[in-house]
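Could you put the whole structure together from the sequences, leaning on the hints where they help?
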Amino acid sequence: FFSGDRYRVDADGYYWYEGRSDDMIKVSGLWVSPVEIESALLEHKAVAESAVVGVSVEGFTRIKAFVIAKSDAVTGDALASELQEHCKTRLQRFQYPHLIEFVPELPKTVTGKIQRYKLREAAPEKTPA
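All residue numbers for the sequence shown refer to our numbering, where the first residue is 1 and numbers rise by one.
The list that follows gives simulated cross-link-like pairs (lysine to any residue, SDA-like), each with its CA atoms no further than 25 Å apart:
id : residue 1 : residue 2
1  : Lys88     : Ile68
2  : Lys45     : Ser81
3  : Lys45     : Ile68
4  : Lys113    : Leu42
5  : Lys108    : Val35
6  : Lys26     : Pro107
7  : Lys88     : Arg116
8  : Lys26     : Leu119
9  : Lys118    : Glu58
10 : Lys113    : Leu99
11 : Lys45     : Ala69
12 : Lys88     : His44
13 : Lys45     : Gly112
14 : Lys113    : Ser56
15 : Lys70     : Lys118
16 : Lys108    : Lys118
17 : Lys26     : Glu36
18 : Lys45     : Ile114
19 : Lys26     : Glu43
20 : Lys88     : Glu49
21 : Lys88     : Val9
22 : Lys108    : Thr61
23 : Lys26     : Glu85
24 : Lys45     : Arg116
25 : Lys118    : Leu30
26 : Lys45     : Glu101
27 : Lys113    : Ser71
28 : Lys113    : Ala69
29 : Lys113    : His44
30 : Lys45     : Lys70
31 : Lys108    : Glu43
32 : Lys113    : Glu49
Derived DEER-like restraints, expressed as beta-carbon distance ranges:
id : residue 1 : residue 2 : range
33 : Met24     : Glu101    : 15 to 23 Å
34 : Lys118    : Lys70     : 21 to 29 Å
35 : Gly29     : Asp72     : 35 to 43 Å
36 : Ala122    : Ala48     : 17 to 25 Å
37 : Glu85     : Gly29     : 21 to 29 Å
38 : Val27     : Tyr117    : 13 to 21 Å
39 : Trp31     : Ser81     : 24 to 32 Å
40 : Val27     : Asp77     : 19 to 27 Å
Rather than coming from a laboratory, the hints here were simulated on the basis of the structure. In this text, a Cβ means the ideal position worked out from N, Cα and C, and glycines have one as well.
Structure, rendered in structure tokens:
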């Protein structure tokens, strides 16, 4: 039986959920968990919800975050840059989102799971940072 879920074991023997195998993103030869990036984004005061996928930009896989901002947040390039810097302080260098798009909602199934394949179909809207 194979569930398709990925876990890692830390030095203390604890298991950490990394996400679905088919949602993992390979960036510069390294596997990246969207769950880690989404968790880092959710730590920011302006983020209500987020979803992360890999997209192809100029022949390279880049990390794109779709972000629902909290109602009092002012979205735009300044907040996108702030979120990138926020992630850089919490994640490995290769894990931060290169592209950030603010959206009013994320596509979900009737059970509330994010439909990442719909996000992957969306083309990047700007060049990588």
